[in-house]
Amino acid sequence: MISSSESDTKMRVAALLGGLPEHDPRPDLWSRIQFAHQRRKRQRRRHGIWLGAMLASAAVLLVVLLPRSSEVDTGAADPADWQAQSHALEQEWLASSRESMDPRYRTELKLIDAQLQAAYDRGANPNELAPLWKLRSEALQELLRSDNGSVRAVTRI
Amino acid sequence: MSPRFVLVNMGADGPAACVNKGFGQALDGQVLTRARRGDGAAHAAIYRVYSRACYNLALRILGEPAAAEDVVQDVFLRMMDTVAGFRGDAPFGAWLKRMTANATIDVIRRNKRFDGEDAIDDLEASQAPGVSADDAVDAWALLMRLGPRSRAVVLLHEMEGYTHKELSELFGQSESYSKSVLARALKRLDSIAHAADRSGEVK
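Line order of the protein sequences matches chains Z and S.
The first sequence begins at 1 in our numbering and counts up one residue at a time.
The second sequence begins at 1 in our numbering and counts up one residue at a time.
A few of these clues could be false.
To be verified - Label pairs and their calculated CB-CB ranges:
| no. | chain 1 | residue 1 | chain 2 | residue 2 | range |
| --- | --- | --- | --- | --- | --- |
| 1 | S | M144 | Z | L55 | 48 to 56 Å |
| 2 | Z | R26 | S | Q30 | 47 to 55 Å |
| 3 | Z | I49 | S | R87 | 39 to 47 Å |
| 4 | Z | G52 | S | A90 | 35 to 43 Å |
| 5 | S | D138 | Z | P27 | 22 to 30 Å |
| 6 | Z | A118 | S | G172 | 35 to 43 Å |
Hints in this document: simulated from the structure, not taken from any laboratory.
C-beta: ideal position from N, C-alpha, C; glycine also.
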């Protein structure tokens, strides 16, 4: 609810504001705005070209580097090699003293074997199997390298 | 003293009396369509219709022609960038008015020169009983004795139809903030205007 004095105040102020002068902006303001607009468009175009060039370079790098990295992976990702190596190492280790094996190491081998089994059960592809066989081979190598069967590095998983 | 122009709490586009001026002017649909496509001539036509309203709102709040021109430039650059996405939910003038108000308040926020209510103190100091003939006050001079924030609240609320809710969003303050600023500013403006009116000096 507006009191009569508030209403009078509003009326007087409205009259005052209604008497405010109107001004025109400088006549050349529009050309200044147009110039700024054109400059911004040019800058955006330049940024667009730069960004496009960067993306194109990144794409070229990907095209060049990806096949090489997959070639490297393919060589290392053959599980049969690592599997054969793992079996050979296991035979070698079995021929030596098994009793001296560190129990922590036995746990690690069991963990690797469990992971391998799970991978085979779910029909994992060679790329997934190879690292596990590699891990198993390394674990056995570590065991054979260690003096009297104690293990230097225990955890790999 | 009878009011010459009563624009209290009008809608976003202003009352019927103001439809043909300022931000209340309608924009030709074909011009808008061409502007959306990036047509430079259509942008220029929009500038011709609304630049004056845009400039005067910014000038009345900021009080400096150069700063007001910067606001006009900023608003029309933004308009050219974003008009393609203008959906037409509100009239074009109301959309541009909102952009102008936002750009102007941004200037106040960014620039310490404009931010502060020290001018209110000037106004309080000037509230000595009566206004002498030497202090011939016109509407512009009176308005300029308020701080930029107070001017913005008074102009946007009393002339451009902003609600306190809209003002609170614009300033990032509570509604009671804009109500309080408006009440103080109106009272102070009125006391001087009333005194000047009695001595026949309001122009």
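Hints, one by one, checked against the model:
Here the CB-CB span from M144(S) to L55(Z) is close to 53 Å, well matched to the stated 48 to 56 Å. Our hint of 47 to 55 Å for R26(Z) and Q30(S) is violated, since their Cβ atoms are close to 29 Å apart. One distance hint, 39 to 47 Å for the beta-carbon pair I49(Z) and R87(S), is violated here, with the actual separation near 31 Å. Distance hint for G52(Z) and A90(S): a CB-CB separation of about 37 Å, consistent with the stated range 35 to 43 Å.
Separation of D138(S) from P27(Z) is about 25 Å and conforms to the stated range, judged on CB atoms against 22 to 30 Å. Distance hint for A118(Z) and G172(S): a CB-CB separation of about 57 Å, inconsistent with the stated range 35 to 43 Å.
Of the numbered hints listed earlier, those contradicted by the structure are 2, 3, 6.
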